[in-house]
Amino acid sequence: MASIAPTPLIADVLIIGGGMAACWAAIAAAGAGAQVVLVDKGFVGTSGVTATGGPNHWWVAPEPGKREAAIEERHARSFGLADRAWMARIIEETWRTLPTLAGYYPFDGDGKGGTFFSGVRGPEYMRALRRFASDRGVTILDHHPALELLLHSDGSVAGAAGHARLAGAGWAVRAGAVVLATGGCAFRSGLIGSYGNTGDGLLMAVEAGAALSGMEFSVSYSLSPAWNSTRTLPYFAARFFDREGQELDVPPPMVGEAAHLRALAQAMQRGPVLADLTDAPEQLKQRLRHIQPASLAPFERRGLDIFQDRFPVSLFGEGTVRGTGGLRIAGEGCETSVEGLYAAGDSATRELVAGATSGGGAQNAAWALTSGRIAGAAAAARALKSGARHHASVTRAGRVGLSPSSTASLDDAREFLESIQDATIGYDNALWRSAEKLEKGQIAVESAWRTIAEHGRAQGLASVALREHAAMASVARWVLAAAHARNESRGMHMRVDKPTADPAQESRLLVGGLDRVWTRFENSEHRSCVEIAA
Amino acid sequence: MIAHIFEDRCTGCNDCVAACPTHVLDLGEGGIPLVARIDQCQTCFMCELYCSADAIYVAPEQDDAGSVTAHAALAAGHVGRLRHDYGWDRAPPSGQGHLSDFWQLGPLLREGAEIAARRYAARARTRD
Numbered sequence: 002m003a004s005i006a007p008t009p010l011i012a013d014v015l016i017i018g019g020g021m022a023a024c025w026a027a028i029a030a031a032g033a034g035a036q037v038v039l040v041d042k043g044f045v046g047t048s049g050v051t052a053t054g055g056p057n058h059w060w061v062a063p064e065p066g067k068r069e070a071a072i073e074e075r076h077a078r079s080f081g082l083a084d085r086a087w088m089a090r091i092i093e094e095t096w097r098t099l100p101t102l103a104g105y106y107p108f109d110g111d112g113k114g115g116t117f118f119s120g121v122r123g124p125e126y127m128r129a130l131r132r133f134a135s136d137r138g139v140t141i142l143d144h145h146p147a148l149e150l151l152l153h154s155d156g157s158v159a160g161a162a163g164h165a166r167l168a169g170a171g172w173a174v175r176a177g178a179v180v181l182a183t184g185g186c187a188f189r190s191g192l193i194g195s196y197g198n199t200g201d202g203l204l205m206a207v208e209a210g211a212a213l214s215g216m217e218f219s220v221s222y223s224l225s226p227a228w229n230s231t232r233t234l235p236y237f238a239a240r241f242f243d244r245e246g247q248e249l250d251v252p253p254p255m256v257g258e259a260a261h262l263r264a265l266a267q268a269m270q271r272g273p274v275l276a277d278l279t280d281a282p283e284q285l286k287q288r289l290r291h292i293q294p295a296s297l298a299p300f301e302r303r304g305l306d307i308f309q310d311r312f313p314v315s316l317f318g319e320g321t322v323r324g325t326g327g328l329r330i331a332g333e334g335c336e337t338s339v340e341g342l343y344a345a346g347d348s349a350t351r352e353l354v355a356g357a358t359s360g361g362g363a364q365n366a367a368w369a370l371t372s373g374r375i376a377g378a379a380a381a382a383r384a385l386k387s388g389a390r391h392h393a394s395v396t397r398a399g400r401v402g403l404s405p406s407s408t409a410s411l412d413d414a415r416e417f418l419e420s421i422q423d424a425t426i427g428y429d430n431a432l433w434r435s436a437e438k439l440e441k442g443q444i445a446v447e448s449a450w451r452t453i454a455e456h457g458r459a460q461g462l463a464s465v466a467l468r469e470h471a472a473m474a475s476v477a478r479w480v481l482a483a484a485h486a487r488n489e490s491r492g493m494h495m496r497v498d499k500p501t502a503d504p505a506q507e508s509r510l511l512v513g514g515l516d517r518v519w520t521r522f523e524n525s526e527h528r529s530c531v532e533i534a535a
Numbered sequence: 769m770i771a772h773i774f775e776d777r778c779t780g781c782n783d784c785v786a787a788c789p790t791h792v793l794d795l796g797e798g799g800i801p802l803v804a805r806i807d808q809c810q811t812c813f814m815c816e817l818y819c820s821a822d823a824i825y826v827a828p829e830q831d832d833a834g835s836v837t838a839h840a841a842l843a844a845g846h847v848g849r850l851r852h853d854y855g856w857d858r859a860p861p862s863g864q865g866h867l868s869d870f871w872q873l874g875p876l877l878r879e880g881a882e883i884a885a886r887r888y889a890a891r892a893r894t895r896d
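Listed in order, the protein sequences are those of chains A and B. In terms of our numbering, the first sequence opens at residue 2 and continues consecutively. In terms of our numbering, the second sequence opens at residue 769 and continues consecutively.
Derived by calculation from the structure, the hints in this document are not laboratory data. Note that the coordinates shown come from a computational prediction; the quantities given were computed from them, not determined experimentally. Among the hints, a few may not be true.
Stated by the list, open to error - Calculated pairs, DMTMM-like style, for lysine to aspartate or glutamate (alpha carbon to alpha carbon, straight line, at most 20 Å):
1. K441(A) x D429(A)
2. K286(A) x D853(B)
3. K286(A) x E879(B)
4. K113(A) x D853(B)
Extracted from the complex, chain A is given alone in its bound form (with noise of 0.2 Å):
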């Protein structure tokens, strides 16, 4: 365990992430009249995927027909897991509540003559929630990773505690209702701004009692140079050469994703793939300075002209951050199964709006907004409906990497970090899956997972890399159980021992569990118990 912390703080309602969802999550709950605490593990305004992007949003004006459109459309492709209700709710909370941020964010023109509001820049859209939120009185501790729930006797939740990394001590506060936004995990593939992305939510929920759903969907990537992680912007119209300037046969992006990755992916695990930018279109030739800098500093800084020059290219693995699983939603108000405890964003399942599949940047951005909306709110209701149990003691749920089971003889797992990426996001494994390779995959990240929960543990900085760790650990452990169960291929989940979806399957798959991992189709009583074998 974690040194006791000093006397903690007190809440109605403590968000713990920093991103998109966690600050409109804080703003919703600051609106409803609660006492508000954010943490964060970094910067609020620099961390999480949302920062170093561009996200827009899903974006449907309220005339007669358009949205029940976009909605079947959407649903069509969803492979029979997405919820209209939740569609529905998305595309309504965010066309409502996007517009509220023009004092702080400088929305601009549309190209037609109106305001531009679906689409905003990273950089400026977290600095804008950041001042949205402190305006709100929210409280905003930076570099505050959180370690651990706190949890009541009868087991609802009771606050979180962790360690203030500037001031090197431990943190701890009290709070009526807790907000999840810890965002998704990538397993540290590099990909632009998911370092902190270790799905340290996840574990913390599972072990106060959470369940998971739709991990098995968490196979994505990001093309990029191969130096450097970037937005995807410039790269849709590329073409791909090999080493010897040979001309790749790849099926174009967006129209057939897995087509378009799977030959990506192929390719580079023969050799070098480069890519060529000279078709891509005329206006981002001369725009992208203006919409995306980041861009392009990666390739001015080497010498090279992105446009004209050939340049290595690799895909970054996504995890659960384009991919879709996450805690599992039990109610209309983002609740997850434990009592007081609400998920939104990206450490929420997306299959409510998305299904089997990623639902690209628009709808996961719009679900990041108004989960986080609707997850602030139902958590100030909460809290402020029960009242303070401040005094009531509590127990901390932290376990793996934190309270080892047997000697604490280990205080740094980065050792295991190759065998969790290589079982959940290797090339290999993760887009064409199979039950044998899933099985060895579960063998590596049990043992991995087993070292840490048995030894794990460290002080200060150190604990939060090591926890960090036992979440990457633990989240892939619930992606290869899930994918193992989920017989069948649907949406980004492609098995080449069972290539074709199975009717029977159409249900969202629940994954938890700590010693052991556990599933269950949620259409179904049946819980099967995974077994490894040693």
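Place chain B on chain A using the hints.
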């Protein structure tokens, strides 16, 4: 990776220590921030954006801080360039915002994908 902190420009405000989301920088003695955990740098350039003195330079490689010398970075005009490109170093010109082209992101992305799709279809026809 963060490669250079120019001490002659640094004001010691330590905004970069706060802004770095991955704990790369620590408060240094005498005000100049200390690169304490370079292995945690994700090359996101956010420290440059938040450095109002343009005193930080991030080398373009995610796993190499040594590819560009301080002199070369300055000579190439790359120090402070990103913040300038974002427009964070100045008020926008009157009648035009720093984000006036941002609406084009989606259309240009789709146009790129369409170019790739048309080219692929043409190639497939040639093969048949």
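Hint by hint, here is what the structure shows:
1. Among the hinted pairs, K441(A) with D429(A) is consistent with the structure: their alpha-carbon atoms are about 13 Å apart, no more than 20 Å.
2. For the suggested pair K286(A) and D853(B), the alpha carbons sit about 15 Å apart, so the restraint of at most 20 Å is met.
3. About 12 Å separates the Cα atoms of K286(A) and E879(B), which keeps this hinted pair within 20 Å; it holds.
4. Restraint check for K113(A) and D853(B): the C-alpha separation of about 24 Å exceeds 20 Å, so the hint is violated.
The structure is inconsistent with hint 4 alone, although it conforms to all the rest.
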